[in-house]
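Participant: Single-letter residue listing:
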Amino acid sequence: MAGINRHAKTMVATLVSNKRVGQYHQLILDVGGVVNDFRPGNFVAVAVGGDRSSMVLRRAFAISRISDRGAYGGTMEIIVAPHGSGSRWFCAQPEGSEIDVIAPLGQPFGIPTHPVNALLVGGGYGSAPLFGLAEILKDRGCTVDMILGASTAGKIYAPLEGKRAVNTLRIFTEDGSMGTAGRVTDPITELLAANRVDVIYSCGPMGMLKAISALTANTDVVHQCAVEESMACGVGICMTCVLPVADEAGVVTMKRSCIDGPVMDGALVQWDLVGQVLPVNE
Amino acid sequence: MAGINRHAKTMVATLVSNKRVGQYHQLILDVGGVVNDFRPGNFVAVAVGGDRSSMVLRRAFAISRISDRGAYGGTMEIIVAPHGSGSRWFCAQPEGSEIDVIAPLGQPFGIPTHPVNALLVGGGYGSAPLFGLAEILKDRGCTVDMILGASTAGKIYAPLEGKRAVNTLRIFTEDGSMGTAGRVTDPITELLAANRVDVIYSCGPMGMLKAISALTANTDVVHQCAVEESMACGVGICMTCVLPVADEAGVVTMKRSCIDGPVMDGALVQWDLVGQVLPVNE
Amino acid sequence: MSIDLSTTLGSAWFPAPVFTASGCASSGKELAQFFPLQEIGAVVTKSIMTKARHGRPTPRMAETPSGMLNSIGLQGPGIDAFLANDVPWLLEQKARVIVSIAGETVEEYSSLARKLRAVPGISAIEVNISCPNVENRGLVFACDPDAAHAVIDGVRRTLGGELPIIAKLSPDVTNIVEIAKIVVDAGADALALINTLLGMVINLDTMRPHLGGKTGGLSGPAIRPVAVRAIYQVHAAMPKVPILGMGGVATGRDALELILAGASGVSVGTASFGNPEAPIKVQRELAELLTARGFNSLREAIGFAHRVESQ
Amino acid sequence: MSIDLSTTLGSAWFPAPVFTASGCASSGKELAQFFPLQEIGAVVTKSIMTKARHGRPTPRMAETPSGMLNSIGLQGPGIDAFLANDVPWLLEQKARVIVSIAGETVEEYSSLARKLRAVPGISAIEVNISCPNVENRGLVFACDPDAAHAVIDGVRRTLGGELPIIAKLSPDVTNIVEIAKIVVDAGADALALINTLLGMVINLDTMRPHLGGKTGGLSGPAIRPVAVRAIYQVHAAMPKVPILGMGGVATGRDALELILAGASGVSVGTASFGNPEAPIKVQRELAELLTARGFNSLREAIGFAHRVESQ
Ligand SMILES: Cc1cc2nc3c(=O)[nH]c(=O)nc-3n(C[C@H](O)[C@H](O)[C@H](O)COP(=O)(O)OP(=O)(O)OC[C@H]3O[C@@H](n4cnc5c(N)ncnc54)[C@H](O)[C@@H]3O)c2cc1C
Ligand SMILES: Cc1cc2nc3c(=O)[nH]c(=O)nc-3n(C[C@H](O)[C@H](O)[C@H](O)COP(=O)(O)OP(=O)(O)OC[C@H]3O[C@@H](n4cnc5c(N)ncnc54)[C@H](O)[C@@H]3O)c2cc1C
Ligand SMILES: Cc1cc2nc3c(=O)[nH]c(=O)nc-3n(C[C@H](O)[C@H](O)[C@H](O)COP(=O)(O)O)c2cc1C
Ligand SMILES: Cc1cc2nc3c(=O)[nH]c(=O)nc-3n(C[C@H](O)[C@H](O)[C@H](O)COP(=O)(O)O)c2cc1C
Ligand code: FES
Ligand code: FES
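Residue numbers (UniProt numbering), protein chains in the order written: chain A, 1 to 282; chain B, 1 to 282; chain C, 1 to 311; chain D, 1 to 311.
Some hints here could point you the wrong way.
Said to hold, decoys possible - Computed cross-link-like contacts, EDC-like style, restricted to lysine to aspartate or glutamate with a CA-CA straight-line distance of at most 16 Å:
#: 1; chain 1: A; residue 1: K9; chain 2: D; residue 2: E277
#: 2; chain 1: B; residue 1: K210; chain 2: B; residue 2: E229
#: 3; chain 1: B; residue 1: K9; chain 2: B; residue 2: D37
#: 4; chain 1: D; residue 1: K94; chain 2: D; residue 2: E39
#: 5; chain 1: C; residue 1: K115; chain 2: C; residue 2: E162
#: 6; chain 1: B; residue 1: K9; chain 2: C; residue 2: E277
As the list claims (entries may be wrong) - From chain B, some residues computed to sit far from chain A (all C-beta separations above 12 Å):
#: 7; residue: S17
#: 8; residue: Y72
#: 9; residue: A81
#: 10; residue: I99
#: 11; residue: R140
#: 12; residue: P187
#: 13; residue: L192
#: 14; residue: Q270
The set of hints was computed from the structure by calculation and includes no laboratory data.
Glycine is no exception: its CB is placed at the ideal position from the N, C-alpha and C atoms.
Chain A with its partners taken away, still in its complex shape (with noise of 0.2 Å):
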């Protein structure tokens, strides 16, 4: 337990590109060096508003692609929705800010160490992880499917680089506008069905997780699923992050997600459980 997020810091990082891509901000941040220590499911959290803010808190956001070369040594590419007040002043500052950063946090996907068939699920920006998360399947040897879905087209986050990665990618938009008009869990059953798929890694809605645990559910399929709950700190020191999991035995208990997860097993996420009042188990 000494080493709870081991190499995370606290850094002062520059915001070297901030470019729009559909309805998200792409968001580069130079870290130099540490950046060799950020693994495809860290996230990142940031603080927003500037010295004198009103917001007293940090926001979290998935690391979605790093660099160790080029200009800046090490840099972190985060794909941000302008949501509210935070990541929208987030979206809003001019390329050269300082932006006060810790990173990286939490448990990454855990990457398997022989090939396997690997399907890659991402529900708006919950793409941005993802593809980072292939290049390394990729270089394992592994087959990488992946499965992008979104309200509307807008909202899907799919880099032209980012697709080299995948050996396939389907679209699928609730609205129609660009892929297939749908939801992700559609063709998930399907693939499921064809004995197609070894490993399932998600990232997007809590709704979208928990749909995909319920068709993994008495299968052989492993689903890391990097969940989102409301952060107060990040870093495991406030538990409002929780969510109800089960151990190997079966038992019970509120982990919290900052730093048991965001990922975390979905065969073991009590997804009925979740807002609910936990029963005392003594």
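Here the structure of chain A is known, so what remains is to put chains B, C and D with the ligands in place on it, guided by the hints.
Facilitator: Okay, now just chains B, C and D with the ligands, sitting in the frame of chain A:
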């Protein structure tokens, strides 16, 4: 009373210039045609810190000079000392920023209807509104002598163009780093003794205004001073900015420096009662 | 299609639900430069006492994170000058007027009520009981159940059944529901929640309390969660008693929060210092938010947070 | 020349005056990544109860202007697992440890104290009495003078004279000085001021209370003026009783404010969520500010705002 602040407007003004001048920032804001309603002694109330700032109150700054010509239809200049978080935020705004301001506020300096000998005394950034005043007095045929003081050279604000409007300018610094070593009150005694002054216009720290009021007491010299009290609202609705002021009959009440001032008759302000509990006069 | 924003506090009807907060609009004249006073629900005047008062020594304010402290000490002209000058002017503007009164003794409140009984055109009386009781070791009326009861009872008897009484409570109590019940029992038609929280700032230069009066009242967005909680608790206990909510309202969303918690109307205080147009801005934004949520009237939204829950 | 920052709370001595706040440092391990725990005064652990608890349903937090609400509901492993795992680890790090305890009954507090009596290496016990008393309609102990007395009295008797007791009070009371006197009378050696204020946020999408537990505790810079006021009042009434101050401390200047008001030490809570290095940063800045003001030791500054005043 329906005419309280009757020219005041809330507006979003573009910061067209932000220059360091000694220890101050000279900020020029595009306010458009309303600038013609601005009078020397008026002030502006500026919202600081942006949308989600923890600073809920505006900051007051004297309007230094105005221009109704040029590229922007109408601009006002203010001279700001980076003091605490609010003024530092203001000084750090890049050119092009949109600033939320209310102006013009408060009672301006009274302008004599016939030519007089006017002495303008400024402490620190208090000199700012005196240059605009000097131009108007000069136009009315007044003799305008100016004395500026500060602790050190970097806190003397005396722009070249401004000097054209005054007949004489003397500078005093406490550390002797510019002009004569000493305080602005030193020469005033002589000038008063020599009967060279009809009206003193002053703007600067409360201690300076109080000292000048002591010198003009029991003389015929009118002392119009621009006071500086902590203001929560700047528009007369909070009652935080009060000073004990006598009326013509000698009855002392708490007057709002934002709306009954900031320019007040130095002879009527009860300097010794500032910060005291006022005795009840039944 | 414009939504019905009208509301009532006891027998008083208001065409709109946003009010100024007592002590945050002076006599109203100063705000009239920024928006027409008749467009908001009512002007709640600064708390008026029997005699003219100079108030507390300066400094009277300190900015705090997302809030401020004030210690004005009820500076004002006294009831007679107030009735002669301020009220007629407000009525001339066609503004609705809620007069806030404050006293140092139970008797002072009653005698103020006696003077107001005869004044035509006033919509309601807000009784600010967050004042020190000089007859009982300076204990604040609103913090002392017996004193709170005595004040409201006295005002009620003096006024008769005509003018609605809005009792304004302090959040600095162990059990605000208890005090609310007591003042309703004593004859209050409505409640104003919340007054400021007692606070202090130490000046790091002088190293002593910053305010001339040492302690001051904390207001602004910082206290909004306390206001929402107090309104929610009191509305849950007495759903039929109308509440005039206040505490940190600066936008339409803030006002909506208080209304969903149980407020029938909302006062804007500190936010007017940052933006003198705040009351009318809040009212406009509130109308939009209500419409966007499918409400046909303000009334449907009052206390909605309780209703959804019991479904 | 380095200033003497040491301080005492009852018989416990600490080399430095900045502490974590209970519930804002988990077991300490998570913060150890960001600064060496032994460099601050002590780690105050999250309040521990007899049995393991899951706590309240999510959402458990809401950001508010310059603050936040939390409703954790004392999730924790229970005293036995806590003593077996967390305390030994902290002591190994050479951190000083203040154990916070919480109970649902007077007896639960005593029985927790009984378990702690035997544990070597603990510096003090903080008794969090801002918990609902299940034996008395869920009334919070800290809001009920008799219950507050009973809890502290029980813990004192159980502990004997050894470990200092720090009683942690709630600001949600009419008269905090009264409660402070009662718990000191019952045997508290020091006071922790203040716990969170009860607050609520309504979610404008669901239009019902945002937190799973409906109400939550308000913390952060927003409440600092309330903390300073409470500390000032209690120190004025009982200048000899040491106070561990907390509430919105995020910088050295904030800590100094609480110390000048009367705190002997300062806990950093919510600020650690924004910056896990906050405790050590606050301590460094505090040392600089004290030195800049000519103090030779922290001790000279404690309650200084009262001393200047009486000159
Ligand atoms: C592990 C993790 C990874 C994330 N990755 C991304 C990402 O890659 N891109 C992206 O755009 N967003 C991501 N999010 C969501 C992002 O944190 C929220 O959109 C953001 O916090 C909203 O802040 P705000 O000030 O804009 O909104 P507000 O609604 O004003 O925020 C108010 C408070 O609620 C919290 N909050 C609000 N929405 C969320 C949410 N969806 N999840 C968690 N906390 C929330 C905020 O942190 C803040 O404390 C991630 C969240 C988590 C927990
Ligand atoms: C009528 C008037 C005219 C002024 N003109 C100028 C000017 O031309 N140039 C200039 O640099 N400054 C001027 N000031 C002072 C200026 O308002 C303060 O320096 C500024 O408010 C400090 O804010 P802050 O956030 O930087 O400091 P903080 O100390 O962080 O401010 C905290 C609070 O105290 C108030 N405050 C602090 N210092 C002062 C002060 N000296 N006067 C009034 N309120 C204060 C602030 O408004 C704020 O509410 C003027 C003040 C008044 C009342
Ligand atoms: C400067 C100031 C003066 C106030 N004066 C009074 C008053 O005279 N009577 C009263 O009942 N409340 C008074 N209040 C309290 C407000 O009416 C209101 O209850 C409180 O400030 C919370 O609302 P806000 O956060 O919107 O300001 C005053 C508040 C401030 C800030
Ligand atoms: C998430 C969270 C959990 C808390 N848990 C406890 C607790 O278990 N026991 C306790 O006595 N206080 C608890 N508190 C209160 C803090 O210790 C502290 O008194 C309060 O938050 C004020 O300090 P701050 O503004 O620095 O956070 C908690 C506060 C927060 C924000
Ligand atoms: S966000 Fe604080 S423990 Fe997870
Ligand atoms: S600053 Fe509000 S009345 Fe003058």
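Participant: Quick check for students: does the CB of A81/B sit more than 12 Å from each CB in chain A?
Facilitator: Since the minimum Cβ distance to chain A is about 18 Å, A81/B lies beyond 12 Å and the statement holds.
Participant: Since R140/B was said not to touch the interface, does its Cβ keep a gap of more than 12 Å from each Cβ of chain A?
Facilitator: holds (44 Å)
Participant: Far enough from chain A: is every CB of that chain over 12 Å from the CB of L192/B?
Facilitator: The assertion about L192/B holds, with a minimum of 45 Å to chain A.
Participant: Within 16 Å, alpha carbon to alpha carbon, are K94/D and E39/D?
Facilitator: Holds, at about 9 Å.
Participant: Take a quick look at whether K210/B and E229/B sit within 16 Å of each other, Cα to Cα.
Facilitator: Status holds; Cα separation ~13 Å.
Participant: Beyond 12 Å from every chain A Cβ: check whether that's true for P187/B.
Facilitator: holds (41 Å)
Participant: Taking the closest pair, is the beta carbon of S17/B still more than 12 Å from chain A?
Facilitator: Per Cβ check, S17/B is outside 12 Å of chain A; nearest 19 Å; holds.
Participant: Mind verifying the non-interface call on Q270/B? Its CB should be farther than 12 Å from each CB in chain A.
Facilitator: The claim stands: Q270/B keeps its Cβ more than 12 Å from every Cβ of chain A (closest is about 36 Å).
Participant: Has the given pair, K115/C with E162/C, been kept, meaning a C-alpha gap of at most 16 Å?
Facilitator: holds (14 Å)
Participant: Holds or violated: are the alpha carbons of K9/B and E277/C at most 16 Å from each other?
Facilitator: Holds - the C-alpha atoms of E277/C and K9/B are around 10 Å apart, at most 16 Å.
Participant: With 12 Å as the threshold, tell me whether I99/B passes as away from chain A on beta-carbon distances.
Facilitator: I99/B is indeed farther than 12 Å from all Cβ atoms of chain A, at 16 Å.
Participant: Take a quick look at whether K9/B and D37/B sit within 16 Å of each other, Cα to Cα.
Facilitator: holds (11 Å)
Going down the numbered hints, you'll see the structure goes against none, and every one checks out.
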